[in-house]
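Engineer: This is what each chain is made of:
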Amino acid sequence: MKQVAANMAGTVISVLVQPGDTISEGQDVIVLESMKMEVPVQSMEAGKVVEVKANIGDFVNDGDIIVVLE
Amino acid sequence: MRKVLIANRGEIARRIMRTCREKGVATVAVYSDADRDLPFVREADEAVHIGPPPVPHSYLNVEAIIAAAKSTNADAIHPGYGLLSENEAFARRVLEEGLVFIGPSPKVIGQMGDKLTARRIMQEAGVPVVPGCEDSLATVEEATAQAAQIGYPVMLKASAGGGGIGMQICREESQLLQAYQSAKGRAKAYFGNDAMYVEKYVERPRHIEVQIAADNAGNVIHLLERECSIQRRHQKVLEESPSPFLDPATREQLCEAAVKAAKAVGYTGLGTVEFIVDENKNFYFLEMNTRLQVEHAVTEEMTGYDLVAMQLAIADGQPLPVEQRDVQAKRHAIELRVYAEDPVTFLPSPGTISLYQPPAMEHVRIDDGVESGTQVTPFYDPMIAKVIISGETREEAVERAQEAMHHFLITGIKTNIPFLQEVLADEQFRGGDYTTWFITERTTKTNHK
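Here the protein sequences line up with chains H and F, keeping their order. Heads up: the first sequence runs through residues 1 to 70, numbered per the working numbering. Heads up: the second sequence runs through residues 1 to 449, numbered per the working numbering.
Bound conformation, chain F alone (with noise of 0.2 Å):
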């Protein structure tokens, strides 16, 4: 592999190419109108304009991307995360070209990205789901008959979903005769489909993930878990690990279903198996993502493997660099996303930054898109930062972290950063005691609409 383009933008594509570039692996750049200033685009040793700012005609024009391939000779695509990361059509097309695609088989994506044919692989394969229905919904009195049987509260999810869209928590059955059409019209609208299923509502859910990686030969390890429940809107904000709520015997477990889920499909590159845990520390298969996760820095910061530089080596075809057994929690690492929103409604917040200025700290590592005078636009996802912070213990962690916002300076718009500061301080998240509910608990309902 001589030549990466980056589909992607921002942060990730510029954390992509640290990597690449410490590999000689030269790297092409896509860009927006909108981003035709940022970094990324400046640091790649290429960069294409692919196009005005709407996704649809830039980062999710498939043929522009591809004819940035060609035209710069790449001899690999690597897809990020979100954008056309787990897109099968996407996928599939690279390698039609005769270009790598850094990431798992098109069919692989295909089949996680269908929540229901996931399902039913995981279960197949003996990973524990969620009790729920086997098929999509054909009406609403199929969905008030299965939630009555699997018995409320229930979960209404669209089986092409992601990020929260077309989910929907139901308490009883008015609940879920009310929530239907609308959740069923979301789903349509987002992805195109608007197969729905219920599923049992695990009562305060933690969402702890699995870091797996798998070569071709068919050798599969897991790299340990992330913690995510600390969530708005069904988007993290902060992960860390190991998970402060799990024991040896979990997490052994835990991760033993990750690696049994990534052999059922036959899995190859980086993956995370994403579960649900309940108070009880049952857990359940939740979905499996097929690429590199927003929040991979902590598992490197722990672990202290370079996860993007083992999704390269994966797709060269070469094995696995790491056996399991030295896989180890060699520190504990948080990651503090930094969102251009209100800090107190968790509204976006577009605008100029006319200050940015970064902590520098040891054991603070900062992966981000922007710089003092970038215009952060209305078109992409908020995040313009992350924080990734360790220590010798999570305690130790968590007092660097809280020293690291401190002096972090970015001014010209809001950002959640006093946000974040509250979540260092809270008592239940210092106790390591906390749910997918923390944050709604601790605002008013109206900033959770």
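If we strip away everything but chain H, and leave its shape as in the complex, we get (with noise of 0.2 Å):
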């Protein structure tokens, strides 16, 4: 199972993906909010989203799994 991994410990403040969407590499999922820093979450691979494991508001840290990939 593919899986997108937080890339940094944050607030979730968008989610930009719903399972069901099919999503190319390098796409942005996710951003999160820390120490006044805005960072986009990307997929490293293709595939189509099965759950999204964060909510707004949500705080994750570095490498939690946010979103997993069929």
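These are computed hints drawn from the structure, not numbers from a lab. Each residue gets a CB set at the ideal place from its N, CA and C atoms; glycine is no exception. Among these hints, one or two may not hold up.
If you want a taste of the chain H side facing chain F, the calculated C-beta under 7 Å gives, among others [as the list claims (entries may be wrong)]:
#	residue
1	N7
2	M8
3	S34
4	V39
Join the two chains into one complex using the hints; note that each chain is given alone, in its own frame.
Structural biologist: Right, dumping it as structure tokens:
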């Protein structure tokens, strides 16, 4: 199973994909905010989104799985 | 002045308190829930809780800060840098409450905070500005017309901007068309003002700024320059002074232009005039920062003057304690900013510091805001410490800086110390020949989105 992990610890400020979406490699899936900086999290692989594990306002840690791809 | 409230946090709150203590001035810290256990709260004579962690509810909460000043009978407020330091309405409110604002007048803060107004004032005063448009752009068509007249590449900027937000280099019309709406949107979101303008983009630029000080009687001096070209995401990482790029004649012209700029706006207090310097040593006014800079310590270690003491004296109505002819570069000074961030991607790395052991060396000054056990939260700026090193020569300072970084131990979170070591060892840096592209040229494109 392919997954997308958070690239830093921070708060989820926007979720750009939903289950069922087909995404391409390098596409932004979530935007995190930490220490006054907004950072998009990109998918390293193409695929179909099965699950989005983070909601707006959630705090995630570096390496946490936030999106699961088929 | 008997008691100063410091409307800031972390290292700069501690730095200001140090001088206050030396001058016999009592200090009041204000803090959010997230900062309850930080050293600056403990070290202040008094500390007042002002709200929850997010800055709009605490460090930008004007009512809470004014109430804290009133309840502790503080007679002055020092805003530090960032946060409310360049907020015209806050400065005005402080004065209306009968308190001293340690900084320039609200009017000057407002004029310099609006980049287009600042450009206009400087141009009228004969200070060189980057060729660009006079007024804000009404439409994207106007943007492309202006850009065509100026000539590409151009820099698209927000008039209320700062920190690189809403700024975009456009090398051709298609890029400007693409960038315009999103930059405008970001400016609106961040500054509540989406006035945009374009100016000529200076290739291979250097950021060199001049420290100035002005008293209430109209005396203005400069305290030489700081070379600030080593930046990531338009934020400074390393600053040094004297600049290895400037020759004595250019330095003199630059510093004179800064004094002229300060006089043109009737400046009082400490301020910094930022310039962009091209390959041929032509310089242009970029902006004026109407506050104490993060990197003020470079000037202190180079000249031997305490800039915070100077701020307090000026705010107290005293004349400048220093004459221009006495200002000299006595040493070479370098500041390294230690950020809680990944040294490769430069992404924030909040967490708990398990071990914090700064170097204890002669000619190495540490201005920091954390200790072992400190939780570095995601709410604020990632800078946790500044290391300011000086030497008889630049070479000596750089070598001492390498040793200092080698002895700086921080565990539990990631820091940019390995990256700072790379910079110090870099051949181009050692040669003193670097531009604002220095970091970008050494890292992959994906790190700098």
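Engineer: Go through the numbered hints given earlier and state which of them the structure violates, listing their numbers in rising order.
Structural biologist: Violated hints: none at all, because every hint is consistent with the structure.
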